[in-house]
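J.: What follows is the residue order along each chain.
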Amino acid sequence: MSLLKREEWFDLSRRLDWTPRYVPADELFPSDFSAGEAGAKGDWSTWDEPYKVSYREYMHLQRQKETSVYAVKTALERAKFLERADPRWKAVMKAHYGAVAIGEYVAGMAEARMGRWAPSAAWRNVSVLGLLDEFRHTQIQLIFPHSFLADSPQWDWAQKAYHSNEWAALAAKHILDDMLLTSSAVDLAVLLTFVFETGFTNLQFLGMAMDAMEEGDVEFSTLLSSIQTDEARHSQQGSAVLDILVKEDPEHAQYLVDKAFWRCWRLFGVLTGPAMDYYTPLENRRMSFKEFMEEWVVDQFQRSVEDHGLKLPWYWDIFLSELDYEHHSLHMGVWFWRPTVWWDPAAGASAPERKWLAEKYPDWEETWGPMWDTIGKNIREGNELKSLPQTFPVLCNICQLPISSSYNWTAVKDDWTLLTKDLNGRRHYFCSEPCQWIFEQEQDKYDQHLSLVDRFLAGMIDPPDLGGALVYMGITPDVSGKDALEYAWAFDTEEVAPS
Amino acid sequence: MMPFLGYFNGDFIPLLFLGDETGTVGQLVDAFAEHVVDIRVARRDAEYFARHNGRELDLSESVAAAGIGPLDTVYMGYR
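Heads up: the protein sequence lines correspond to chains A and B, in order.
In terms of the working numbering, the first sequence has 236 at position 236, counting the first letter as 1, and numbering is strictly consecutive.
In terms of the working numbering, the second sequence has 37 at position 37, counting the first letter as 1, and numbering is strictly consecutive.
Chain A on its own, in the form it takes in the complex (with noise of 0.2 Å):
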């Protein structure tokens, strides 16, 4: 008996709805949980996803990629670069791993959500690899990290950060909490495959694969493109799950690409951005956080919203602005309380490194600069004390990230005050109107939480300072980071202009 050629059997294997006869379907697949009220009246047995692949090809597939990523791996333990990579390198690795490894446990979940309620069998077994793929992106992210374990013990907080009340764990916990795992079927694919995974994985896992492969870590290079692979082929079910939502509910669909554009954007703000324009060593620096912004998710977001009918979201002039300002901020603020994170961030504030820094962003200098002054003379002179943090900043109550005085930093020269919504005699602050409106579509959702901040207020820090927020993280004294060239940089002042 011949076998049947692929175009023959592939559809039969994808397409497998069937009535169903001893429930009904509205409890098989309950509508908060599948299509949701927006996409209740879909047509989904059109759901198509553009790139095929069946069960024995995908596994042929990752088999070959988990071959060749082990190879590297061991070839490069034998030459252990660890050793000899230099330490603002290793900020980057620490804070990739303890930010994405159980994160993409978490997107392994939200893959299973769709594999289980997706309302139509082609995408739910999309998403059965998506599953797969994504506990794959796990694995591989926790033994990585193990293997460096007697070098520091920063490198386990890959496994402990989302087990941790860490201020950047609790952030990163809040966007995945909110989009990939209390939402629908329908919302989640567009909300974790065509924004998060279509729009902004290509930041941390190609703009970072370039910048390993020029630091020469080539073990940390092809693990991140092993994984970008993966998240090519399953973010896909995002873009066909829109082409049926638009026909239906337009308004919400553009709701959800607007609301997940932002809150990866503040994501990846954090922890993109520094690693970039700082951590990253001068010479091996291609492009800026910007430039990749620009190109790599400004252009081809821009791109695939329109190509949907929808439009670009209503805060966008907000966020290209932001693009000069906001991971700045940012990383000044991890940089400046480092004591609280699990990685050794890098300051990036030598004479060469601002030199780029003003040739990337022309009002760098001017807005950055005397405050980097301020703090390399204070190290210079012996005062590592004053470089840092004796209080808490004000953090945002949805993207869970310190507030940055240089939102709307035209309008702070005159004066200054909080975006702020008071709800059920609590007081909520927000970095920036896109925070402010995401929670106000949804406050029910989000009132409840406490941030950081929050929880101090509430006596749930003790003692309540800085070294009672240090145990209620659990970062440890060994852990608790410090700066990445013990200030070297501070001493590089060549090129700066006097204060």
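Simulated from the structure, these hints should not be mistaken for lab results.
Just to be clear, a hint being listed does not mean it is correct.
Interface residues of chain B toward chain A, partial, derived using beta-carbon atoms under 10 Å [what the hints assert, rightly or not]: (1) Y7; (2) G10; (3) A33; (4) I39; (5) Y48; (6) G54; (7) L59; (8) R79.
Note that CB positions come from ideal geometry on N, CA and C, so glycine has one too.
With the hints as your guide, set chain B onto chain A.
T.: Leaving out everything else, chain B in the frame of chain A:
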């Protein structure tokens, strides 16, 4: 001590701060400035200002008379 949120002009970030609600606005600003001036903002030979709810405050008036309540925001800086 009362929690309030302050921002000092020239800095990059507003801060949560526990201040003495029984003192004057000037004392409150002095205490807050210790977290900013000579830390990230260079010291200058100039007087401070303080604004609350869009109104410039008299540094000699009391915090209570100025109407600054818990978790209110105060904008400060060099004049």
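J.: Each of the hints needs a verdict: does it hold here or not?
T.: These are the hints, each one checked on the structure:
no.: 1; hint: Y7; result: 5 Å, holds
no.: 2; hint: G10; result: 7 Å, holds
no.: 3; hint: A33; result: 12 Å, violated
no.: 4; hint: I39; result: 5 Å, holds
no.: 5; hint: Y48; result: 14 Å, violated
no.: 6; hint: G54; result: 6 Å, holds
no.: 7; hint: L59; result: 17 Å, violated
no.: 8; hint: R79; result: 13 Å, violated
Comparing the model with each earlier hint shows violations of hints 3, 5, 7, 8; every other hint is respected.
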